[in-house]
Amino acid sequence: KNPWWKVNFMEPMVITAVQLSARSGCCGDRLRNLNITLNNKVCASNVNVGQGETLLVPCVGTALEVKVQMIGTNFLTVCGFAAFGSP
Numbered sequence: 660k661n662p663w664w665k666v667n668f669m670e671p672m673v674i675t676a677v678q679l680s681a682r683s684g685c686c687g688d689r690l691r692n693l694n695i696t697l698n699n700k701v702c703a704s705n706v707n708v709g710q711g712e713t714l715l716v717p718c719v720g721t722a723l724e725v726k727v728q729m730i731g732t733n734f735l736t737v738c739g740f741a742a743f744g745s746p
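For the sequence shown, our numbering assigns the number 660 to the initial residue and increments by one for each residue that follows.
These are calculated hints, taken from the structure and not from any lab test.
Check each hint, because a few of them may be wrong.
[Claimed, not checked] Here are the simulated lysine to any residue pairs, SDA-like style, with alpha carbons at most 20 Å apart:
#1 Lys-700 to Met-672
#2 Lys-665 to Ala-741
#3 Lys-660 to Leu-735
#4 Lys-660 to Arg-691
[To be verified] Across the chosen pairs, the derived CB separations fall in these ranges:
#5 Leu-723 to Gly-684: 28 to 36 Å
#6 Gly-711 to Trp-664: 12 to 20 Å
#7 Phe-743 to Ser-704: 16 to 24 Å
C-beta atoms are modelled at their ideal positions from N, C-alpha and C, and glycine is treated no differently.
Please build the complete structure, drawing on both the sequences and the hints.
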């Protein structure tokens, strides 16, 4: 229930956006109804990335951790991830 994926940084990062890419070819529902958090504070909610798409999501804050969490019980498949910002 509520599967998640996260990345931890070695030092605090000033994040401006997060980019997510979904699987193409099948399973278009595996990157839907997502919350993105910076140090457990929601910066984007109800994010939906369509099958085979890449989405740049504004998400601003300073964090040691970025977490992508699906609300629900489906499988979570993250095919691409990038965090934009600076140390």
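Tested hints:
no.	hint	in the structure
1	Lys-700 to Met-672	15 Å, holds
2	Lys-665 to Ala-741	11 Å, holds
3	Lys-660 to Leu-735	10 Å, holds
4	Lys-660 to Arg-691	14 Å, holds
5	Leu-723 to Gly-684: 28 to 36 Å	34 Å, holds
6	Gly-711 to Trp-664: 12 to 20 Å	19 Å, holds
7	Phe-743 to Ser-704: 16 to 24 Å	19 Å, holds
Violated hints for the displayed structure: none, as all numbered hints are satisfied.
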